[in-house]
Amino acid sequence: MKKLLLGNAAVARGAYEAGVNVVASYPGTPSTEITEEIVKFDEVYAEWSPNEKVAAEVAIGASIGGARAMSCMKHVGLNVMADPVFTVSYTGVNGGLVFCVADDPGMHSSQNEQDSRHYAKASKIMMLEPSDSSDCRDMTKMAFDLSEKFDTPVFIRLSTRVSHSQSLVELHDRECVELKPYEKNTQKYVMMPAMAIKRHVVVEDRIAASKKFADESDINKIEANGSEIGVISAGIAYMYAKEALGDKADYLKLGMVYPLPEKKILDFAKAHKKLFVVEELDPIIEEHIKALGVEVIGKEAFTLLGEYTPAMIKKAVLGEDSPESISLEENIPVRPPVMCAGCPHRATFYVLKKLGLTVSGDIGCYTLGATMPLQSVDTTICMGASVSAAHGMAKARGKEFNKKLVSVIGDSTFMHSGITGLVDIVYNKGANTVIILDNSITGMTGHQDNPTTGKTIRGEDTKQVNLITLCKAVGVERVVVADPFDIKHFEEVVKTETEADEPSVIIAQRPCALLKTVKYTGVCEINDKCRNCKMCMKLGCPAITVRQGKVVIDATQCNGCGLCVNVCPFGAIEKKD
Amino acid sequence: MTKNIMIVGVGGQGTLLASRILGNTVINEGYDVKLSEVHGMSQRGGSVVTYVKYGEKVYSPIVDKGEADIILAFELLEAYRALPYLKKGGKIIVNDQKIDPMPVISGLAQYPENIADKLKEVADCTVVNALSLAKEAGNTKSVNVVLIGVMAKSTDIPYEKWVETVKATVPPKFLEANLKAFELGYNL
Numbered sequence: 001m002k003k004l005l006l007g008n009a010a011v012a013r014g015a016y017e018a019g020v021n022v023v024a025s026y027p028g029t030p031s032t033e034i035t036e037e038i039v040k041f042d043e044v045y046a047e048w049s050p051n052e053k054v055a056a057e058v059a060i061g062a063s064i065g066g067a068r069a070m071s072c073m074k075h076v077g078l079n080v081m082a083d084p085v086f087t088v089s090y091t092g093v094n095g096g097l098v099f100c101v102a103d104d105p106g107m108h109s110s111q112n113e114q115d116s117r118h119y120a121k122a123s124k125i126m127m128l129e130p131s132d133s134s135d136c137r138d139m140t141k142m143a144f145d146l147s148e149k150f151d152t153p154v155f156i157r158l159s160t161r162v163s164h165s166q167s168l169v170e171l172h173d174r175e176c177v178e179l180k181p182y183e184k185n186t187q188k189y190v191m192m193p194a195m196a197i198k199r200h201v202v203v204e205d206r207i208a209a210s211k212k213f214a215d216e217s218d219i220n221k222i223e224a225n226g227s228e229i230g231v232i233s234a235g236i237a238y239m240y241a242k243e244a245l246g247d248k249a250d251y252l253k254l255g256m257v258y259p260l261p262e263k264k265i266l267d268f269a270k271a272h273k274k275l276f277v278v279e280e281l282d283p284i285i286e287e288h289i290k291a292l293g294v295e296v297i298g299k300e301a302f303t304l305l306g307e308y309t310p311a312m313i314k315k316a317v318l319g320e321d322s323p324e325s326i327s328l329e330e331n332i333p334v335r336p337p338v339m340c341a342g343c344p345h346r347a348t349f350y351v352l353k354k355l356g357l358t359v360s361g362d363i364g365c366y367t368l369g370a371t372m373p374l375q376s377v378d379t380t381i382c383m384g385a386s387v388s389a390a391h392g393m394a395k396a397r398g399k400e401f402n403k404k405l406v407s408v409i410g411d412s413t414f415m416h417s418g419i420t421g422l423v424d425i426v427y428n429k430g431a432n433t434v435i436i437l438d439n440s441i442t443g444m445t446g447h448q449d450n451p452t453t454g455k456t457i458r459g460e461d462t463k464q465v466n467l468i469t470l471c472k473a474v475g476v477e478r479v480v481v482a483d484p485f486d487i488k489h490f491e492e493v494v495k496t497e498t499e500a501d502e503p504s505v506i507i508a509q510r511p512c513a514l515l516k517t518v519k520y521t522g523v524c525e526i527n528d529k530c531r532n533c534k535m536c537m538k539l540g541c542p543a544i545t546v547r548q549g550k551v552v553i554d555a556t557q558c559n560g561c562g563l564c565v566n567v568c569p570f571g572a573i574e575k576k577d
Numbered sequence: 001m002t003k004n005i006m007i008v009g010v011g012g013q014g015t016l017l018a019s020r021i022l023g024n025t026v027i028n029e030g031y032d033v034k035l036s037e038v039h040g041m042s043q044r045g046g047s048v049v050t051y052v053k054y055g056e057k058v059y060s061p062i063v064d065k066g067e068a069d070i071i072l073a074f075e076l077l078e079a080y081r082a083l084p085y086l087k088k089g090g091k092i093i094v095n096d097q098k099i100d101p102m103p104v105i106s107g108l109a110q111y112p113e114n115i116a117d118k119l120k121e122v123a124d125c126t127v128v129n130a131l132s133l134a135k136e137a138g139n140t141k142s143v144n145v146v147l148i149g150v151m152a153k154s155t156d157i158p159y160e161k162w163v164e165t166v167k168a169t170v171p172p173k174f175l176e177a178n179l180k181a182f183e184l185g186y187n188l
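Same order as they appear, the protein sequences are chains A and B.
So the first sequence is residues 1 to 577, counted in our numbering.
So the second sequence is residues 1 to 188, counted in our numbering.
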């Protein structure tokens, strides 16, 4: 049976068919749906772990325990889990172990554009790269077999356009894979120097064997059309090249991007007058081929930045222009993402901006607190950095500066890697104020549960981490819970806590407006008391705008949250049912 | 020959569901199909673009400039922004709704005037008041299905086939309103 599946759903399908038993992940666009799809299969144990390192370790443990296991993450999540990854490359596996990492060329939803293929080379772990949903299913299934055959974890590398495209996939039944026996084997699984020295030899032998496999397997395929132009490509870039060049080129489609099939590449190069490497982001395949002494055109004809398109490839390889298109004569205003109507973060940033505070930011919907008109956030580096970087900033600039400095971090992000920063503040005599934006969910990636929500990935009730007791347990004595929509009170709380000479945590508690349990009703309307002072416009609510010089509330955008009612100094906004 | 359709709008307008209805209808007709969607950050009230491509064999899931046979726009400014992607002789179907983007709200930019007229000047453009049709159908959230209905009319896939996928894609609770919405769009 063929079905239209999202690339991510096809990875989940492949893993399911391969008999995967345990999947542990942390959400991150564009990888999130893999784990959300896996949950739909009752036979598989799945969880959201607090962060990617924990998730990878859960999968590693499951593999050592004899099960087929997988962990899925976005590219920056791979940085978080890099530590166990480099060492599990040495131990190898028991049950098949797959790490599925989704890159984001073009940065649709990310803070950088890193190329995860570097990790495959650096950690000496095989990496497969699908080009569409059908490949996703096939290669994921294959990855589990390769993992067990070569006694190695295997990477699947996706990119946004593969993860978030739908195409047809042939569905098969689930393989019945028995749990492998667990036997204590300290030489293999205890990585201390004496054992690790021996395992490194095994790793190098494995890479040599997998190079041979790369050359022999048809995962790396040549498609001959009798052309003098040869194109070496992988992933989505291969699909763009096929679309752009059709049968005007021959192709070497690399399904395995590490290690590379050197013999196949050399043979393919010899057979073509002109050779191109078409790969998004870094010139990883290109540099490898050049190191083999082969002349090849790569980044000089393309770019290191962002996504490729078929039109770009057509121009670079064939010199052909794109079809005629209509050009726009006027400047069109951009439409950046905004906090939703009813978003609890809007109120928090409104207050922080009003107080003129320096805001050490983090990763989540609330990163949008850096954009117009709130422009409250000063820094965003990575998950958890809001807390630890603010500690560093305070140590650098001193006590008075610290009184005008706060960290903002979401509930899920705090559990991910904010808590360790808070421990550091307490331990090293900091006096920072950390605001946990507790909206009762992991928001940006589309509502995943986390340790503070009291629900598992399957929606089952579980123990809920209590943020108040947690913060107190690490030694923060000042922990205050406040509703940011009660603007006056919230402002007082922030003023008091930033003045304190000891660490403090404010838990800004109000659920995400998009949660089904949140029932705002009615709409807000402006009455004739309005003096057009535009105070409400400072909220940056997508429902409040100016038409013919007057402030109006767009009823189709308003969800009746009532925040604007609280900021209007003239009582000119009323909530109507 | 591959048919390229672009669905553009503002995050939260329901463009994803529209592209899925379209995608599932064309596979039932035996075509190869690829859909490219946008999730995550850009969904939060930002410009959203999804592509649906179908034909005998489809490689790339994205549509380049000058290649779209149909642009189905949920919002006027987004239709205007997508105009360079329209193929010569292509068709635009646009919902007559304006949603001010943040730079306009903040007073840093102007919402272009008379977009519908400008689109009609350069292309075959149908303007639809999808919100009033959705209201008539009994659910203001069915704007997306009204628009799919309008678009369905300009393909050669029969009415019943579309209805089948609407039934299979939409949650049962909202089915009645959505079927009505589809019909109103189709018969516009």
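Hint data in this document are derived by calculation from the structure and do not stem from the laboratory.
Heads up, a few of these hints could be off.
Reference listing, derived: stretches of chain B covered by chain A, where coverage requires no fewer than 3 residues with Cβ under 8 Å from a Cβ of chain A [said to hold, decoys possible]: (1) 49 to 63; (2) 76 to 88; (3) 110 to 119; (4) 152 to 158.
Capping the alpha-carbon separation at 20 Å, the derived lysine to any residue pairs in SDA-like fashion look like this [to be verified]: (5) K264/A <-> T309/A; (6) K550/A <-> K87/B; (7) K519/A <-> D577/A; (8) K57/B <-> E170/A; (9) K87/B <-> T309/A; (10) K538/A <-> L108/B; (11) K87/B <-> K538/A; (12) K248/A <-> M1/B; (13) K575/A <-> Y520/A.
Here a beta-carbon is modelled for each residue, glycine too, at the ideal position from N, C-alpha and C.
- Of the numbered hints stated previously, which ones are contradicted by the structure, given in increasing order? 4, 5, 6 and 11
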